[in-house]
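In this text, residue positions in the sequence shown follow the working numbering: the first is 4, and each later residue adds one.
Keep in mind that the hints were calculated from the coordinates and are not lab data.
Each residue gets a CB set at the ideal place from its N, CA and C atoms; glycine is no exception.
Taking lysine-lysine pairs in the DSBU-like style, the calculated list, with each CA pair at most 35 Å apart, reads:
hint	residue 1	residue 2
1	Lys52	Lys75
2	Lys70	Lys21
3	Lys21	Lys44
4	Lys132	Lys37
5	Lys17	Lys37
6	Lys56	Lys70
7	Lys56	Lys21
8	Lys37	Lys56
9	Lys56	Lys75
10	Lys59	Lys17
11	Lys132	Lys59
12	Lys52	Lys37
13	Lys66	Lys52
14	Lys17	Lys52
15	Lys56	Lys132
16	Lys134	Lys56
17	Lys75	Lys25
18	Lys56	Lys66
19	Lys134	Lys66
20	Lys53	Lys75
Distance ranges between label pairs, derived from CB positions:
hint	residue 1	residue 2	range
21	Trp131	Leu50	29 to 35 Å
22	Gln135	Asp49	29 to 35 Å
23	Lys21	Thr138	37 to 43 Å
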Amino acid sequence: MRWFRKKIKLPNEKYTLKAVDKTTVEDVDEAIEKEESISSKIAHSDLLKKYAKLGKVMFLMIKDYRKGVYTKIPWFTIAAITTALLYVFMPFDLIPDFIPGLGLVDDLTVLSFVIGWIETDLNNYLDWKLKQEATATE
4 MRWFRKKIKL PNEKYTLKAV DKTTVEDVDE AIEKEESISS KIAHSDLLKK
54 YAKLGKVMFL MIKDYRKGVY TKIPWFTIAA ITTALLYVFM PFDLIPDFIP
104 GLGLVDDLTV LSFVIGWIET DLNNYLDWKL KQEATATE
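Please work from the sequences and hints to get the whole structure.
Shown next as structure tokens:
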């Protein structure tokens, strides 16, 4: 029964920043390919559900970035979004998702760090997106 006493280690900012630094364009493409699965996991998890709309905005942003439509964004923001979305997708991360009550806490932690880091860029993107939609309907 010794394994019950083992401390569970949550990701911290340093861990998350290391992952962001290693993110590549291929990772961005992988996140876009897995959008449906990642979005579904976020939407159907009680713990992550409040991030469902933000997840949609983050996917729109990285897709517009990859299409070359929206480029007024630092690579760090794209990499951070990609890191968070792919981390949520991975079932075997620091705390495996199948552990009841704890499995998604690390996903929530990574999402929270990333959203805090990129909040201004998300707002700028939404402003830009609304202007684009307004222009298209004129």
